[in-house]
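The listed protein sequences correspond, in order, to chains Y and W. Letter by letter, the first sequence follows residues 1 to 352 in UniProt numbering. Letter by letter, the second sequence follows residues 1 to 352 in UniProt numbering.
Derived from the structure by calculation, the hints contain no laboratory data. Where hints are given, some of them may not hold.
As the list claims (entries may be wrong) - Sample of chain Y residues facing chain W (criterion: CB under 10 Å; computed from the structure):
#1 Leu298
#2 Glu317
#3 His327
Unchecked claim - So the derived label-pair ranges between C-beta atoms look like this:
#4 Y:Pro53 to W:Leu305: 36 to 42 Å
#5 W:Ala322 to Y:Arg348: 43 to 49 Å
#6 W:Gly315 to Y:Ala274: 28 to 34 Å
#7 Y:Glu343 to W:His13: 39 to 45 Å
#8 Y:Ala270 to W:Glu347: 26 to 32 Å
#9 W:Gly54 to Y:Gln202: 24 to 30 Å
#10 W:Asp198 to Y:Asn303: 45 to 51 Å
#11 Y:Arg205 to W:His13: 52 to 58 Å
#12 W:Arg199 to Y:Glu245: 51 to 57 Å
As the list claims (entries may be wrong) - Here chain W is said to cover these stretches of chain Y; the calculated rule only asks that three of the stretch's residues, wherever they fall, bring their Cβ under 8 Å from a Cβ of chain W:
#13 36-47
#14 275-287
#15 303-309
#16 318-325
Note that CB positions come from ideal geometry on N, CA and C, so glycine has one too.
Protein chains: 2
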Amino acid sequence: MSDLVADLLAGKHSALARVITLIENRSSGYREIISDLHQHTGTADVIGVTGSPGAGKSTLVDKVAATYREQGQTVGVIAIDPSSPFSGGAVLGDRIRMASNAGDMDMFFRSMSARGSLGGLSTATTDAVTALDAFGKDKIIVETVGAGQNEVDIVRTADTVAVLVPPGSGDDVQMLKAGILEIGDVFVVNKADLDGADRTVQQLREMLQGQSGRPDSGHHGATELAGDHGDASTDAADDEADESETWNPPIVETVANRGEGVEDFLDALANHGAYLDRTGRREGQARERFAAEIRTLLREDANELLVDELDRRGGIEQYVDAVIERHTDPYTVVDEVLEPLRECLDERRDGN
Amino acid sequence: MSDLVADLLAGKHSALARVITLIENRSSGYREIISDLHQHTGTADVIGVTGSPGAGKSTLVDKVAATYREQGQTVGVIAIDPSSPFSGGAVLGDRIRMASNAGDMDMFFRSMSARGSLGGLSTATTDAVTALDAFGKDKIIVETVGAGQNEVDIVRTADTVAVLVPPGSGDDVQMLKAGILEIGDVFVVNKADLDGADRTVQQLREMLQGQSGRPDSGHHGATELAGDHGDASTDAADDEADESETWNPPIVETVANRGEGVEDFLDALANHGAYLDRTGRREGQARERFAAEIRTLLREDANELLVDELDRRGGIEQYVDAVIERHTDPYTVVDEVLEPLRECLDERRDGN
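The following block holds chain Y by itself, in its conformation from the complex (with noise of 0.2 Å):
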């Protein structure tokens, strides 16, 4: 183990920042680092916050994390922006951020920016959260903007999900149709004092009703609720998963510049972390991310390795060549590249 993996588990904000530079910039040493941080990891709650730009989330985040302290909790709190290949803008943020919650060592804050892929950055925000959960902050905030896939997967990372609506504007409940629904176990309205507010809580009560009954409503990384759920068949799947509760995701209204309406938020965070405890499906989410996280990993790895293979063999350049002139094409190229790989796989496999 490190020294610095020691001073990380030791309590040492220092510690904690420098590791996750390493995991933004995907420095040497970071795969080592999170694998002796694993074993210390599991007992955070891990919040997601999302919501279109301007929806308030930096704010309510802010208040939540504030509360949060005030009742003796440790916050970690990490923002990302996948759309911003630059950190300019966030850093910013950060100061203006840091300096309201100066002096308190419990409370750490960072953002993240998309300095590579963005696949790359779902997995980097895992990476930040296990430093978290290894440090020992008992709630970590994974903020981010938008709500497109990216996002989505971003956000994956959390036991529950808030999303965040503004009023009045048509354009979100068209972006909550576009996929966000599915994974929000919380919802806000945020800035609810202003017009409008009244008929989008009512618009998103409406969809989630449309929706409701889900049979698996813990339901992070869960594919199968890209089906059809809230047709007349999910009456009949309901009636057969009695036995397993269903999450109702409520609506909570805030004002979160005054702080209005942030205690009902905790209220309705608590009550989701409870229902997940209470279900068990804390440890199937988590279940789902490893898998899907040894997924991922496993494809950037051999991705890696091939693009060293085909180095080894001289660049991708000459394969071009060879199909541009129609003395080879795509497939077959592909598969002469990827022929050692299969043997040797083949060979393993006999002799065991």
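Given chain Y, work out where chain W should sit, using these hints.
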């Protein structure tokens, strides 16, 4: 070479249809077929047509195909709806549209739906284009709904990309900002008789001027275009690259259902084709496409190998168990699974 391949090369439409079904379903044997067909490709002109739903793509594509036929060219159309996993609607569309070309055996129309993954759909489109090209179609039109990343990937199988914009839609101008602007070689404002068409043409013109002087305008798969062309530095780059002709995407106005502007559109496509030939960019784009295809196939196949390897080792669940118990962690699991592959490649490297 199989009988099916021989029949396709002999010009039998029934064989072409069967091959595309094998491609769409990823049925066993399709890879060998594509490998056999590849050497017969390279003569077709491939045109991609994309744009938001309601822009009038099918109507325009039908008119374009009919006009090509009048000119004595053979035509193949592949229509792809990445958002629909089921082909019901598309098939209905087929029948209606097939009827309008009934009896014309040199007009081949086929829709493909997203049965597998979207990545797979992009590969399947490439394969279908290979089949149509080997068959001897002069013009191949790849039509896809929408404007997301997946649609962009699909339409990149084309030499020339046309982007359709319906008039008077602020949303569509937004959509253009979101990445589709970079891939259009020809822009079409269809339904140009509707209110707002002039304004849309004007908006488009302004956006394209913001981008003009792009150093690489034969830009399919050109990731460098994701950068910030359009600022002052572009002019400097332009002066340096003076010998290389650039392409300024024209904006064509059509009223497809009345056939108006279709000739202008065909002229624009022909101009772009001539530009690709004159500058050598047709081959450059083909090279980029083949390189991307090889990388994609390598990734997909390697992933399949690893899924098999995980199964051979007793499945992923035992690893998830060990990770949940904190006996191991995802990175260690992945290293363990990949270790034989690394060793094998190292041995070959030493052996060579």
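Here is what the structure says about each hint:
Interface restraint check for Y:Leu298: the shortest CB-CB distance to chain W comes to about 5 Å, inside 10 Å, so the restraint holds. The beta carbon of Y:Glu317 comes within 8 Å of a beta carbon in chain W, closer than 10 Å, and the hint placing it at the interface holds. Because the smallest distance between the Cβ of Y:His327 and any Cβ of chain W comes to about 8 Å, under 10 Å, the interface hint for this residue holds. A hinted range of 36 to 42 Å holds for the C-beta pair Y:Pro53 and W:Leu305, which are about 41 Å apart.
Taking the beta carbon of each, W:Ala322 and Y:Arg348 are about 21 Å apart, not inside 43 to 49 Å as hinted. Here the CB-CB span from W:Gly315 to Y:Ala274 is close to 32 Å, well matched to the stated 28 to 34 Å. The beta-carbon spacing between Y:Glu343 and W:His13, approximately 40 Å, falls within the hinted interval of 39 to 45 Å. Distance hint check: the CB atoms of Y:Ala270 and W:Glu347 are about 55 Å apart, inconsistent with the given range 26 to 32 Å.
Roughly 28 Å separates the CB atoms of W:Gly54 and Y:Gln202, a value that falls within the hinted 24 to 30 Å. A C-beta distance of roughly 48 Å is found between W:Asp198 and Y:Asn303, which places it inside the suggested range of 45 to 51 Å. Judged by the Cβ atoms, the range 52 to 58 Å given for Y:Arg205 and W:His13 holds: they are separated by roughly 53 Å. Taken as a hint, the range 51 to 57 Å holds for the pair W:Arg199 and Y:Glu245, whose Cβ atoms sit roughly 55 Å apart.
Evaluation of the coverage hint for the stretch 36-47 of chain Y: fulfilled, as 4 residues show C-beta separations to chain W shorter than 8 Å, against a requirement of three. Coverage of the stretch 275-287 of chain Y by chain W holds in this model, with 3 residues showing a Cβ closer than 8 Å to a Cβ of that chain against a need of three. Counting residues of the stretch 303-309 of chain Y whose beta-carbon sits less than 8 Å from any beta-carbon of chain W gives 5, enough to reach three: the coverage restraint holds. Check on the stretch 318-325 of chain Y: 4 of its residues sit with their Cβ under 8 Å from a Cβ of chain W, so the three-residue criterion for coverage holds.
When held up to the earlier numbered hints, the structure conflicts with 5, 8 and fits the remainder.
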